[in-house]
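Chain H is already provided as a structure; the job is to place chain B on it using the hints.
If you read the sequences in order, they're chains H and B.
When the first sequence is numbered by the UniProt record's numbering, its final residue is 415 and no position is left out of the sequence of numbers.
When the second sequence is numbered by the UniProt record's numbering, its final residue is 415 and no position is left out of the sequence of numbers.
Fair warning: there could be bad hints in the mix.
DEER-style ranges, computed between Cβ atoms [said to hold, decoys possible]:
#  : chain 1 : residue 1 : chain 2 : residue 2 : range
1  : H       : 173       : B       : 173       : 16 to 26 Å
2  : B       : 366       : H       : 220       : 38 to 48 Å
3  : H       : 148       : B       : 288       : 54 to 64 Å
4  : H       : 108       : B       : 241       : 47 to 57 Å
5  : H       : 148       : B       : 241       : 27 to 37 Å
6  : H       : 176       : B       : 145       : 19 to 29 Å
7  : B       : 173       : H       : 16        : 44 to 54 Å
8  : B       : 375       : H       : 220       : 30 to 40 Å
9  : B       : 247       : H       : 176       : 42 to 52 Å
10 : H       : 148       : B       : 343       : 48 to 58 Å
11 : B       : 366       : H       : 44        : 53 to 63 Å
Facing chain H, from chain B, some residues (calculated, C-beta under 7 Å) [claimed, not checked]:
#  : residue
12 : 153
13 : 286
14 : 287
Just so you know, the hints here were simulated from the structure itself, not pulled from any lab data.
A virtual CB, placed ideally from N, CA and C, is assigned to each residue, including glycine.
Number of protein chains: 2
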Amino acid sequence: MKYVDQLNKEQQIELQNQYEVLSYGVDTIAPEEEFKDKIAKSIKKNQPLKVKLGLDPTAPDVHIGHTVVLNKLKQFQQFGHTIQLIIGDFTGKIGDPTGKATARKALTDEEVRHNAKTYYEQFGKVIDIDAVELHYNSQWLSKVDFTEVIQLASNVTVARMLERKDFHHRYQSNKPIYLHEFFYPVMQGYDSHILESDIELGGTDQEFNVLFGRQVQEQFGQEKQVVLLLPLIEGLDGIEKMSKSKDNYIGIDESPNDIFGKTMSIPDELIIKYFELTSNLTIDEVSQIRTQLENGILHPKDAKIRLAHSFVEMLYDKEEAKRSQVNFANIFQKNKMPEEVPEVVWGKELSIGILDLVTELDLLPSKSEVRRMIKNGGIRINQEKIIDPLTTVQVIDGIIVQVGKRKFVKLKLNN
Amino acid sequence: MKYVDQLNKEQQIELQNQYEVLSYGVDTIAPEEEFKDKIAKSIKKNQPLKVKLGLDPTAPDVHIGHTVVLNKLKQFQQFGHTIQLIIGDFTGKIGDPTGKATARKALTDEEVRHNAKTYYEQFGKVIDIDAVELHYNSQWLSKVDFTEVIQLASNVTVARMLERKDFHHRYQSNKPIYLHEFFYPVMQGYDSHILESDIELGGTDQEFNVLFGRQVQEQFGQEKQVVLLLPLIEGLDGIEKMSKSKDNYIGIDESPNDIFGKTMSIPDELIIKYFELTSNLTIDEVSQIRTQLENGILHPKDAKIRLAHSFVEMLYDKEEAKRSQVNFANIFQKNKMPEEVPEVVWGKELSIGILDLVTELDLLPSKSEVRRMIKNGGIRINQEKIIDPLTTVQVIDGIIVQVGKRKFVKLKLNN
Chain H
1 MKYVDQLNKE
11 QQIELQNQYE
21 VLSYGVDTIA
31 PEEEFKDKIA
41 KSIKKNQPLK
51 VKLGLDPTAP
61 DVHIGHTVVL
71 NKLKQFQQFG
81 HTIQLIIGDF
91 TGKIGDPTGK
101 ATARKALTDE
111 EVRHNAKTYY
121 EQFGKVIDID
131 AVELHYNSQW
141 LSKVDFTEVI
151 QLASNVTVAR
161 MLERKDFHHR
171 YQSNKPIYLH
181 EFFYPVMQGY
191 DSHILESDIE
201 LGGTDQEFNV
211 LFGRQVQEQF
221 GQEKQVVLLL
231 PLIEGLDGIE
241 KMSKSKDNYI
251 GIDESPNDIF
261 GKTMSIPDEL
271 IIKYFELTSN
281 LTIDEVSQIR
291 TQLENGILHP
301 KDAKIRLAHS
311 FVEMLYDKEE
321 AKRSQVNFAN
331 IFQKNKMPEE
341 VPEVVWGKEL
351 SIGILDLVTE
361 LDLLPSKSEV
371 RRMIKNGGIR
381 INQEKIIDPL
391 TTVQVIDGII
401 VQVGKRKFVK
411 LKLNN
Chain B
1 MKYVDQLNKE
11 QQIELQNQYE
21 VLSYGVDTIA
31 PEEEFKDKIA
41 KSIKKNQPLK
51 VKLGLDPTAP
61 DVHIGHTVVL
71 NKLKQFQQFG
81 HTIQLIIGDF
91 TGKIGDPTGK
101 ATARKALTDE
111 EVRHNAKTYY
121 EQFGKVIDID
131 AVELHYNSQW
141 LSKVDFTEVI
151 QLASNVTVAR
161 MLERKDFHHR
171 YQSNKPIYLH
181 EFFYPVMQGY
191 DSHILESDIE
201 LGGTDQEFNV
211 LFGRQVQEQF
221 GQEKQVVLLL
231 PLIEGLDGIE
241 KMSKSKDNYI
251 GIDESPNDIF
261 GKTMSIPDEL
271 IIKYFELTSN
281 LTIDEVSQIR
291 TQLENGILHP
301 KDAKIRLAHS
311 FVEMLYDKEE
321 AKRSQVNFAN
331 IFQKNKMPEE
341 VPEVVWGKEL
351 SIGILDLVTE
361 LDLLPSKSEV
371 RRMIKNGGIR
381 INQEKIIDPL
391 TTVQVIDGII
401 VQVGKRKFVK
411 LKLNN
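For reference, chain H alone in the conformation it holds in the complex (with noise of 0.2 Å):
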């Protein structure tokens, strides 16, 4: 007998309300029958769900991307559920040994706890931190030795790996893959058993990986867990989803004004997706600035600033949220400076080139990209533009020196 129909009629109520904000926005739940089950057991016997999230060691920048998942790990959080961060440090310290390629260097333990820490720190501006379980997943992956292996690959057939889509494409076009890259998903599966995981969460390009836990569990007996897959939100481009390497990206780090001025950029289209899976609004409030921006009665730019403002608030707090919203309109709606400069000390030449200027300053990574913004319109001193990259700039004490709409640096004199 399934646990939805041992609900009393409270618990139904309950089930109900988790249910509705729990698949809110996520792109696929498989299978929707046993989530709804899971949820019911878990108020039935009053128990937590275990909801695992994989994380990748290599990689610990952390993008408003993210909060995708984070906001749904922390809708999880607020029902009480246990969430299981996997540091998925193993693979990370055996690095990649792919013969061909050029080897990924293996990372050091240090490197591991130190990129895991940065998860840790960014996730803790959405989720309650303090109540996740943090697991590396070396712990058990290095103590399965080649017999288990063999177990474990007894289970999977080659045709169903090909069907994952990377690997089908790179066999059909001719481009290597790896006997190794097979045991990604085994190992992540493994985790999930090791774990007892209920739920695991993942982007929608995770599904393979992530169902494949469900067969692993299976394979050792175990119930088997429910994979939800979230959107993988597009970046400031509109286009390309929001990556580092893009360079289409939020950053979790950044500072407020980055923040705020980065989601002021976003394309319209995208307002309401960002603000149903990248902010903590709640569906009501989402609905409501849905319905307002359909009458035409909220302006796309003012949902943005509201957007921005929200990300902000999550991120830091209330007063840098309108703070950061002050200055956005300084610099962009009144073309003025914004409220505070940050100030630099300026102990060099007084008369030096405008290119020497901007990378002295590490405004910008080398003088052609000076050379560029200059093209642009991009750099200006005491608000004037500069047009000639040979320009030679007199340095006098509070001169600033502007590259794009927000960056700004004011010069101290040491004497």
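Same frame as chain H, now just chain B:
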């Protein structure tokens, strides 16, 4: 500089001699250049080559087909090289864990030792078994951990594995290949790495697995083994590869009379191939027989008598060879009893149906087989053919029961 270029005159002759004998009858040497240089190195350094043969511990029935490889091992031994026999007990002890098939039971340690002993005893009929190194690969494979598995696997592409004929065929025809099966070649190669084998022998059907050892050794920065693939010999039917399951084999453990009789039944086209690959005649002797057969000087039947004689001599001794030849002549050529008929003490009913009698004596496994044999005129009592399956036999002392052409039993009464 290659070793072949470092030999003096005498050593060059030795190289030529070894190379000629060791490559005789081999289907494929891969690569030939390296094989020559391995021998040259062994001569130059006065250091035996390590010649590996892997054995499946689940099927220890050795037949004349195995003498193809045993004779080759013997030649290596005669030149002073070292034979490494590997009992592949690691997988045998895991059993076949394939999920969907009827799981093959794992062998116990005791069964593995027993099967290894069987190989040992039967191989001892052809090669100098005391000079052989015997290894069990569970000794090292059970110690391999997941990290090492990943590293081994990272050197293999899935496409390369799917090049193996049977994998390719199964993938194409949508029959499952289980992931652990990909590890059989890897393990076999790992054995070569551990034992630092110079040469690995195998049947032509083992090409992929045996060549794979080169890749694993290379991964460990080791000198690569050379592969000698030996032809598979057809069985008595002249069509299928000799094997126990096809019942077309001559067992190494069979009685001299059976070995002799079965050898006489091979098709004429196979005579030379059997001489070349399975007998212990020299190259020159075989070449002489070939010429005589071609010129019609030697009748195929007489060639087969020589072959059968050589098998019994190889597996037993000269005496037995002579005796089985006389027996054969008596039965088949003069239609007489064999010289010696095995005696069985009969303590059961003295009046017994023919079906019961033959099955009680274990001459045939079932009554339906006795019935079929009677139909074919293959059952005789004191040389008199039985026609009716309902015949009742009156057992008297010394009565002879004959089944087929070669099975005779003389019944002795207890009192």
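We went through each hint and held it up to the structure:
1. For the pair residue 173 of chain H and residue 173 of chain B, the supplied restraint of 16 to 26 Å holds, since their beta-carbon distance comes to about 23 Å.
2. Range check, residue 366 of chain B to residue 220 of chain H: about 44 Å between beta-carbon atoms, so the 38 to 48 Å window is met.
3. Between residue 148 of chain H and residue 288 of chain B the C-beta distance comes to about 58 Å, which sits within the given range of 54 to 64 Å.
4. In this structure the hint that residue 108 of chain H and residue 241 of chain B lie 47 to 57 Å apart at CB holds, the actual value being about 54 Å.
5. The beta-carbon spacing between residue 148 of chain H and residue 241 of chain B, approximately 35 Å, falls within the hinted interval of 27 to 37 Å.
6. Our hint of 19 to 29 Å for residue 176 of chain H and residue 145 of chain B holds, since their Cβ atoms are close to 25 Å apart.
7. In this structure the hint that residue 173 of chain B and residue 16 of chain H lie 44 to 54 Å apart at CB holds, the actual value being about 49 Å.
8. A C-beta distance of roughly 56 Å is found between residue 375 of chain B and residue 220 of chain H, which places it outside the suggested range of 30 to 40 Å.
9. Range check, residue 247 of chain B to residue 176 of chain H: about 44 Å between beta-carbon atoms, so the 42 to 52 Å window is met.
10. The supplied range of 48 to 58 Å is met by residue 148 of chain H and residue 343 of chain B, whose beta-carbon atoms lie about 55 Å from each other.
11. At about 60 Å, the beta-carbon gap between residue 366 of chain B and residue 44 of chain H stays in the expected band of 53 to 63 Å.
12. Because the smallest distance between the Cβ of residue 153 of chain B and any Cβ of chain H comes to about 4 Å, under 7 Å, the interface hint for this residue holds.
13. Checking residue 286 of chain B against chain H by beta carbon gives a least distance of about 44 Å; that is not within 7 Å, so the hint is violated.
14. With 7 Å as the threshold, the beta carbon of residue 287 of chain B stays out of range of chain H, its nearest partner Cβ sitting at about 47 Å, so the hint is violated.
In summary, the numbered hints that this structure violates are 8, 13, 14.
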